[in-house]
Amino acid sequence: MANSEHTASVPPAIYSIAHLKHQPRRHYGRWLAAALIILALAMIVKAFAQGQIAWPVVGQFFTAPAILAGLWNTILMTICAMALGLVLGVVFAIMIMSPNPVLKYVAVFYIWFFRGTPLLLQLLLWFNLALIFPTLGIPGLFEMRTVDFMTPFMATLLGLGINQGAYTAEVVRGGILSVDNGQIEAAKVIGMTRLTMLRRIVLPQAMRVIIPPVGNEVISMVKLTSVASVIQYAEILRNAQAVYYANNRVMELLIVSAIWYLAVVTILSIGQHLLEKHYSKSLGRRTGKRTEPAAAQGA
Amino acid sequence: MSAMVVAVDVNKYFGPFHALQNVSLEIKHGEVLCIIGPSGSGKSTLLRCINQLERIDAGAIWIDDELVGFRQDGNKLYELTDAQIARQRLASGMVFQRFNLFAHMTVLENIIEGPVIVQKRAKASVIPEAMALLERVGLADKKDAYPSELSGGQQQRIAIARALAMQPKLMLFDEPTSALDPELVSEVLSVMRDLATSGMTMIVVTHELGFAREVAHRVVFMDHGRIVETGTPHDILSSPKQKRTQDFIAAVLS
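Heads up: the protein sequence lines correspond to chains A and B, in order.
When the count follows the working numbering, it moves up by one through the first sequence with no breaks and lands on 306 for the last residue.
When the count follows the working numbering, it moves up by one through the second sequence with no breaks and lands on 316 for the last residue.
Looking at chain B on its own, in the form it has when it is part of the complex (with noise of 0.2 Å):
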């Protein structure tokens, strides 16, 4: 299986802080990788720098082969323009902590805007298939509410609609449950799970670590910018050999 996503001695720095240390990582195609680690470890930031939310400062990343955010001319990286990194950021979907859907807009709204607006695609074909993602996230009757008018749980499934309706060849979720309500976790959960079983390449930073265990086919624990330690649900969450990782582990389940 090829690599969807390479990331070789990645570095971030905001300011003084020094927020993502060599980070190297390669996700397959139809991988599901979550990432955990305390707030703070930079796993949020690796997610933005794969997307170019944030520019990295040193090392590059790789999108199904292609170098993301530079031209490469003999030993040279040219930096990419605005319209080049915007075309490049369709190849990924992501899902904020917050939601973040158009407040101005109804949810049928959202689903179409990006393929209508930046993909330039029909409206007419594009919105049979708004309303199968909305099915399928079981929303259909919320076509025409606004985001004020659901609740966290239900945004954050339009929310993950939106990004499929760009068909994204990966889906980056950003603590896509953090910000909801107790009881609302599991509706967002069940619809990732279904995305998972669908075969969709995805990387997921989560304090879920029930979901890491039952979805994910690889787990990697972050602390202060650096990778510490990648392995197996069972290795990482079980069976931890870092000090650093077994106590991550013991805080969050105790």
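In isolation and in its complexed conformation, chain A is listed as follows (with noise of 0.2 Å):
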């Protein structure tokens, strides 16, 4: 080295450190943020408590068997309206990104209209489609009443289910667009067809980037059921609105659905961000970058 010399000479005095502290700078506005907010929430925890709420009144009923079978319905209508939802959505994702203008345009008017009108109007136009059909079936073959058909289980299973297919179709598109042309081309002259392509090549692919998304509207579609009580579906806010109809312990009631809500979604959430860590997890072995020449040199 040609500074060799310089480094191993004593260095003048000003550059000497030893006596020197380093300091971490002082973070005074967090603390007193942090002090306002512990102020605010004590005194909301004081008017809860000291508030016309009975506490033993959110233990008794926070497992009573209505509020629980409202809380399984509240799940089970969660997974099937997200079940239908996720296979409408790949359909009619599918479906609008065809080269068939019929099929194309079929799917720009199911997303431009299940978007395009409230979903408790949804929820309301199944519920009283027996104005529109009285019966449904094929006729001569069978028929039913649609009033019998169109329970309120029904009613909320189509109206949340095909109003998130609108939803998840966008966001399933936008992971088929994600997928590199390249794998497209690369799967055409292995002689695959187009429906092939789709099952083992380019869903495969878009499935990293269709899950987050969806891991959310999941989250989302817990909170959504609750709409369903307007159209007398036994989820758990309803069955908490029967109860306090009854005993008048607005509140309590409130507070029990609201903490089960909090413990679905939190539940929820750990599953998704676990869910997102394995797929970053494999993006960055499947497609990180290409690995240096070094790697070659086996070759």
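What the hints contain is simulated information worked out from the structure, not anything from laboratory work.
Ideal placement from N, C-alpha and C gives every residue a C-beta, glycine not left out.
Please note: incorrect hints may appear among the correct ones.
[Claimed, not checked] Just so you have them, the derived chain A footprint on chain B, three or more residues with Cβ under 8 Å: (1) 140–150; (2) 162–169; (3) 173–186.
Both chains are given apart, each in its own frame, so use the hints to dock them into the complex.
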């Protein structure tokens, strides 16, 4: 080294640093903000503790049969409606990207209609379908009265699932668009048809883009089921309301429902976090940057 | 020798851009043809028309005496369905500039995907063949690796093995070494050289004039969507007759 004689020489006094200490920056603002928030929280807790809330009632109804049945219905509906939404989402995403103009415009119309009208209105439409179609089925083969088929469960399932499908279709479409065109060409040249290519090459690679927003939508679906209380689907909020109409413990029953919603959403959030971690990991491993030529030395 | 590929007056437009202008070409069984020319000259487009990644706007192409993309009935040509086009594509294997290995599959999965899923052959008989192909391109030890774990040269050799696994009649190479670091080019060219020696019909779009000189039976020079000159490697690379070809060769070699 050309400058080795410089580094070896004794530095002048101004550069001696042995007595100096690093001091981290002080965050007075954070301490102040935290103190204010704790104060505000304490006041809210005090208000709830001293307010018109009978906490023993909350405990008493927390595991009441009506509440647990409602909780089960909420979870069941979340699973069923989300499953329907996913299937419809994938089907309509494929349709909207199809070269067939008929399929494409059917999908465009579906998304336009179900994203363009309020969910509540759609639920009411399904629930009152008997006003337009008094009977359902294939004439001559089998028929049934619409009111027998369109139970609160069916109306909620169709309403939530079909509405969800319109949103999920856009998510799936985004995922499909994220797949590199070279992958599609490679699939074509080994003789794959469009559907085989979607199933084997495109959708598996689109998953890592699709999964995070769908996880988000599952969480949102848990809470959306509460809208179905207006068409008498016995989910947790509706059952809580039924109880407080009888015993007038409004706040207590709402708190019970809120705690259950938070519990379910917390569990799902943890699940979503783990799923995303899993997919980002395989993203790094499978489509990370190309290895350097060093890896090719064995060749 | 009969013709493997015959192209007659092929025309292709991208919007107003006339990418191929009355291109006619014949490639014999077992022939190795290199197509050279500046970028935008239509050489990749011609390759992509042969395996129907692009649809031709006029003219006709036959592979092994089968009309590509259409069914002839009297004087009318009827466009084939997607499934029929997919079946026709099995005649040719293609290797891309950017490799395009399936990113979510291991090396072995990449190679057996076509034979198992498309040709519906039994996995048990396909895997030994796939391993033999990996042996042939010198990468048997990488069978469980993912494409992202491999160098460009290794990925391209896997891509060649994947195409060969479909047992195609001819192989199309679209600038197979253009995306590679310079020191990785030779390992890919050496696999291609072996393939040419084995008698495979090959159409190679390339900038590797050395490879063309050594391996090709015939070289085609294209420019502005037309075939400017065709001849033996010596004709085209050492004593080109057309001014345009002379300029191109001079520019590449300088």
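Structure-based check of all given hints:
1. 140–150: holds (count 4)
2. 162–169: Holds, because 5 residues of the stretch 162–169 of chain B bring their Cβ atoms closer than 8 Å to Cβ atoms of chain A.
3. 173–186: Check passed, 5 qualifying residues.
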